[in-house]
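**Student:** One letter stands for each residue in the lines below.
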Amino acid sequence: MKKTVIKGADVLGRGRSDLLIADGRLVETGRLDIADAEVVDADGLVALPGLVDLHTHLRQPGYEESETVLSGSQAAAKGGYTAVCAMANSTPVADSPAVVEQVADLGRRAGYVDVQPIGAVSQGLEGRRLAEMGEMAQSQARVRMFSDDGKCVNDPLLMRRALEYAASVDGLIAQHAEESRLTEGSQMHEGAVSARLGMVGWPEVAETSIIARDVLLAEYLDARVHFCHVSTRRSAEIIAAAKKRGVAVTAEVCPHHLILTDHAAQGYDPVFKVNPPLRENDDVEALRSALADGTIDAVATDHAPHSAENKDCEWNAARPGMLGLETALSIAVEALGGPEDVDWNLVAERTSRTPARIAGLRAHGHDFDIGAEANLTLVDPGGRWTVYGNELSSLSTNTPYAGMELPVTVNATFLRGNATVRNGQLTEAMGEN
Amino acid sequence: MKHLIDTADLSREQAELLLHQAEEMSRAVSGREVPKLPALRGRTVVNLFFEDSTRTRTSFETAAKRLSADVVNFAAKSSSVNKGESLKDTALTLQAMGADAVVVRHGAAGVPERLATWLPSSILNAGDGLRGHPTQALLDAYTLQQRLGRLDGRTVTIVGDILHSRVARSNVWLLNTLGANVRLIGPPTLMPRRIESWPAEVGYDLDAALPDSDAIMMLRVQRERMLGGFFPSEREYSLRYGLDQRRAARLPEEAPIMHPGPMNRGLEIASAVADSPRTTIVDQVTNGIWVRMAALYLLLTNGDDE
Ligand SMILES: [Zn+2]
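These protein sequence lines map, in sequence, to chains A and B.
End of the first sequence sits at 436 in the numbering used here; the numbers just go up one at a time, nothing left out.
End of the second sequence sits at 310 in the numbering used here; the numbers just go up one at a time, nothing left out.
In isolation and in its complexed conformation, chain B is listed as follows (with noise of 0.2 Å):
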């Protein structure tokens, strides 16, 4: 593996490597009184946020910092919204700082591809526009197998934005390849044309999918995305795709509530249910960085040198 750029490259044998990997590390650091790994000593990261995302750039400064790597953090501008500097120039500044790795967020589906070609260094997708988020479904599945074990046959229900979700679009592909069901709820505007091309059950009614699921995932909605048209009211909205108690109670006792956060309260989750054990929205935070940590490690060593 040199590059993550998106799940539906991996195949079932990287994908297990890489949440070994994440059991690994959280396990090595663990058990240390410094959590510091010094795999990745004298290795550059590059966190390249074209757009503000705090969680996911602290997560993946956290996993380099413990595997002992020089973080540098750049925040930049989209070339599409700011003329002047352009990704290419970016890339090439990097490349004379000797990224060894570049982990890359930004508003545009596909800039990981575009500075691979142009970088010799490896790149994380950090979530590119509304295409990829491969950490984030590598984490989700992690918490999936710690609450559950393994992911085969299992039924994961995604709800929500589907169109502009990449944590559902890498989740879709993840989780199929790690032999689970996954089902798509959500209201028609929000689901993309031609779905049913992807590895995945579509179902706009979420009452009749709960009974059978054996973990829940709610996406976040935009709020811009009612003054876009795609549905007629935040109330119509919650009514017909939120979970709330009544609906949580539904769902088979031990599955696990999961949200990609931050969650609008009261919009797709009700607080009671945000808060309560069965969500597992504070152990994705935390398996974030094991899931990071094996990803920059492995993809930096080639997993040669444990």
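If we strip away everything but chain A, and leave its shape as in the complex, we get (with noise of 0.2 Å):
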């Protein structure tokens, strides 16, 4: 049987302890010697429960040039998650059991993380009929999240049938909030910048109006909805009012608008090009604190990795999307207060219980109870770290964190007992080929 013993980590809630694995399972805590063990210091370390990202791009079926699930795997166990959850428009489509359970193949065989596919809520994402939600419910690849993003579920018809299905298969509908007439032609965030940038804006009220409607539908309906990449002032106080309310609402914001701006555009270069677009000053700040309170339940990183092909032209020509999964801690960290006094409580419960809790993964984001899986995840509260796309193990390079300096850094992730990552590196993953 393979022990390993975690030696002398920050342990949420417990203190300094140490982590006796054996099966993959969490087997005992406290102070232990145990002579059969592998050994890893933890000293200065904080255990956190492995990451889980509730939105993920990972390219595969379709566009393996810019990213695949084993490069995916490989970029979300870098950045301390475990279990990721991946969005369904590919190509083709997420939206039968036959690629669900090919992309939760995939998954398997790279053996980084937990890669739980998320459905298209439409056939094709054309949003006109439902895809069959019910089949990749049941299928192998257990789907419970659907989502048809890249594209907003505009119909409201359609989406109250969505509602409407995904309960009876205990599924949830996550939400990409672009009420698109409002939207047509838009390149960033509608104000003051775009007007100067000569740039279409996306106006707010494109998202906060689908936000609105979908609240009331979920309302009416007594379904769940969840609100994905929140970004702005507006979404998260209509949030906050629709949970007041008792209406079962969720919602994730992404780590590029916990701290930028619309003015990143101000150069051109496409690598800020990001659907939602990056806010104001007041967004971001509204944001956090909608984070820090709980309006806001998850952090999740939108990673969409593209080609240079597609980020190293002109902005128009640019799609849409930033790399997310081995920064998303940082930015996190430091939007809850920064690495000196930092909540790893709080952080904890946006990036790992309570996202794996929307997305119904079990065997995640809990706190090391005797029994449980062992996901987790070491991390240096002191470390900082600068980022260069061509260091990321992503297989695109498009990150809007180039060249900056940020805090914490991973030093080990463990799934299932077996590390991923040890001393901030890759392993050789434990996968099923």
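Read the hints as simulated data drawn from the structure, not as lab findings.
Values in this document were obtained by computation on a predicted structure and should not be read as measured data.
Hints should not be assumed to be uniformly reliable.
Pairs of lysine to aspartate or glutamate, EDC-like flavour, derived with a Cα cap of 20 Å [to be verified]: (1) A:K10 x A:D370; (2) A:K5 x A:E431; (3) B:K92 x A:D370; (4) B:K40 x B:D56; (5) B:K92 x A:D315; (6) A:K10 x A:D26; (7) A:K246 x A:D272; (8) A:K5 x A:D39; (9) B:K69 x B:E37; (10) B:K81 x A:E312; (11) B:K92 x A:E312; (12) B:K40 x B:E65; (13) B:K6 x B:D156; (14) A:K246 x A:D296; (15) B:K81 x A:D296.
Taking CB as the label site, the calculated pair distances span [as the list claims (entries may be wrong)]: (16) B:E240 x A:A295: 49 to 59 Å; (17) A:G137 x B:P192: 44 to 54 Å; (18) A:S171 x B:E240: 44 to 54 Å; (19) A:K247 x B:P203: 40 to 50 Å; (20) B:R197 x A:Q143: 45 to 55 Å.
In this text, a Cβ means the ideal position worked out from N, Cα and C, and glycines have one as well.
Since each chain comes alone in its own frame, lean on the hints to assemble the complex.
**Tutor:** Written out as structure tokens, the structure reads:
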């Protein structure tokens, strides 16, 4: 039986402690001396439950030059993740059992993180007819989240049916809130900067109007709705009001919306082009406090790798999207108060426990319970690192943080007791091939 | 000055230097039998036009040739429309050709900045999307100076589709830098949101703005904007925002009437007004050459070998 002891980590909620892992599960905590165990020195490191990403674009099948399930899984492990939810906008679209099973299988074979496929809401993401949500839920991939992300489920009747239908399979609709008529031709946030730069704006009301509508639909139908990448102060206000009324609404925010603003567009470098776009400082502040107070439940990366042709070009021609998996924890720490006096319990809540609960990933996001799968991350709270696109594990390099120094480094990540990352480096994974 | 991309980047000194140099160019060439100066002999100027604009391209070409530069016209397709050769590939080609200056016109804002990151050449923005058209603004300012003298404290009213106008954007910043008051008039649907952050007054009533305008600049209205629902009909547009004779008469007598061309006669400007001696439309074309000569000269010589 393989045994590992993690020595002297600062374990959430219980101070300095050792963790004994055997056969992939946590079996004992406290001060431990186990003779036949591999020892991991975690002195000065913080142990967090493995991070869970609700919103990852892995690009496979279809865009393997930008990312594959393997490379995306490696990026995730490096970022401290033990599970990622893979968005459905692949080619072919993940709207059938065959595609979601393929993605799950690629994830198992890669072996770096648990890859949980998200199913499409509508066939082909066309917004017309429901995808086979029940079949996907029953498949080997056990799909529980459904999203047309990249596109909004705009048709209110389709959204109604999706919410009703998802409930019957214990599922959840994750909405990309964007009233597309209001964002036609848009290139960036609509505001003083877009007016100045001569770019067609993406008005915040395109997001808030859909969020308001879907909150009302969810309330009317007594259904659950989740909002992807919430980007504005007003969105957070609507969600707060909905929660107060008891509507079953959850929401995520992306790291980039917690730290960057539309001013980043000023040099027309498409690495800053993202959908929804970078907003204003006032939104950043509001999103940070909404994340802190729980109005926004989770940090989700919207990791969106793109090849150089699609990013090293003119702004209008560039695809929207940014890398996120390897930098998310650092940005979340920064947004939740900075590395000096960070509340690790809150970080764990927003990056692991709550997203795991939203996605229905029972093996993830728990607090070192005896008997639970050992999915965890060791973080160096005093670490700092400078981001370079070509040093990231993703196949793409479109990080908006290139050259920035970020706080907190991931020292190690364990998936079912096996280190996927040790001393900041990827290990040979224990995938099934 | 290495590049001329955005009038907002110009200091008052630089703007005045450009205008002064334009005047020098006009003097230097006007006295000559062959209207040509040797200043840029051996230099290569590439006109890189992703959008057709014979007027602007010809003006730049003429300006470069009068400075004895070699001119290469490079018509290209936009990669956002046409998959295949990317903007960056095109930039690498121009670099291989040894372009000293690249005059670029593109349908997307920010293309000049992208080229400047890839190419060692000087970049001149000849119109990028809705963002800017700095030599047009400079020729407008030059023309205004000819008619009005200094621009300090003068009120220039720009009328029409501000939202989609790179000419308006470039003029707002340049005229402001030169000390003028800029007033923007047009339908609210054709004003950018948050326009109050611009150094300009904004209004919707053309009649009210006429009597105290020292100059008026009519913008071209694209007929597709009506189909896009920005205004109800051409009739309503011309009634509310068109410059007809009655309105022209309410301007101060010496106030010039400008238009970047080409005009929609009968829509934003009545024919009788367009053809009146108060318009500067022909001067603007001539002045465009002096201004472009000045820009090419200053960017490529750093103005150091007068
Ligand atoms: Zn999305």
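**Student:** Need the list of violated hint numbers for this structure, in ascending order.
**Tutor:** Violated: hints 3, 4, 7, 13, 15.
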